[in-house]
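Student: Sequence:
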Amino acid sequence: MSVRTVTQAIPAIRGRVQAGAPLAPFTWFRVGGPAEWLVRPADEADLVALLAGLPAGMPLTVLGAASNLIIRDGGLPGVVLRLGGAFGRVEVEAAGLVAGAAALDVTVAQHAAAAGLAGLEFLSGIPGAVGGAVAMNAGAYGAEVKDMLDWAEVATGEGIRRLAAAEFRFAYRHAALPPRAVVTRARFHARPGDAAAIAARMAEIRAAREATQPVRARTGGSTFKNPPGAKAWELIDAAGCRGLRLGAAQVSEKHCNFLLNTGGATAAALEALGEEVRARVLAHAGVALDWEIKRLGVPA
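Each number in the numbering used here comes from the position in the sequence shown (counting from 1) with 8 added on.
None of these hints come from the bench; they were simulated from the model. Even for Gly, the Cβ is constructed at its ideal location relative to N, Cα and C. Hints are supplied without guarantee of correctness; some may be wrong.
What the hints assert, rightly or not - Label pairs and their computed distance ranges (CB to CB):
| id | residue 1 | residue 2 | range |
| --- | --- | --- | --- |
| 1 | Gly28 | Pro63 | 14 to 24 Å |
| 2 | Gly92 | Ala291 | 41 to 51 Å |
| 3 | Val295 | Gly150 | 16 to 26 Å |
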């Protein structure tokens, strides 16, 4: 498709539209090819106008904090949507708070703690943003988004729609969104709590992450979902994959359900290493691990 044709296919919006934009700097792995078009809507009305005007066959990818994601080396075709600014507000209410899709999960936890609201501490252990947390039912330290969500608003080409938590049909690391819908805001309920106890729980979560996970490395968080009744990291460790390398891609020695870019790794190497881990676990334990990290785009 020519640049002229694609340009005409993208509706005029007030936000920023950038062709051939590098995406690797946005991702935690620091790998991946460019976006055909990177679009940053100015606000909700701008987002709705964009969605209403996109051709039905044009690929659409929403890029949040890009923490649990491998973008393949050939990049992402079509429109890559990145929300910022107007989508990052957090508003504290009497028995909870409303957060924009671009607000970081840890920021939501911090706002709740400052207001003396308990129950959202687990969000401080999730390295992502609210939109992605809702879209994948993110969870950590014994709680999931489904446990605390009242409603979320999504944008479609028809406008903004508010969905109750039950309408997302949440399952483990899964939520059902309407086709080509983009999460814009979410409301989480919470309960009054002791400020000192809330702060202590968040400090405990932070310390646990730093002690057990490679939080300062180029990584993508948990690579594989935990199978029913098992821990992915234990299966990986038992299959002899701790520290396994493929070029500059490595299975973390600190937590072997994490992949690392030790410097100069490609998306292809990271994905191939993950598939090698899956093959070894299947051969050793007879368990087929499912990817938790999303792998998007085309190969180089």
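Student: CB of Gly92 to CB of Ala291, is that within 41 to 51 Å?
Tutor: holds (44 Å)
Student: Taking 14 to 24 Å as the hint, is the beta-carbon distance of Gly28 and Pro63 inside that range?
Tutor: holds (20 Å)
Student: Within 16 to 26 Å: is that where the Cβ-Cβ distance between Val295 and Gly150 falls?
Tutor: Check passed, 23 Å falls within 16 to 26 Å.
When each numbered hint is compared with the structure, no violation occurs for any of them.
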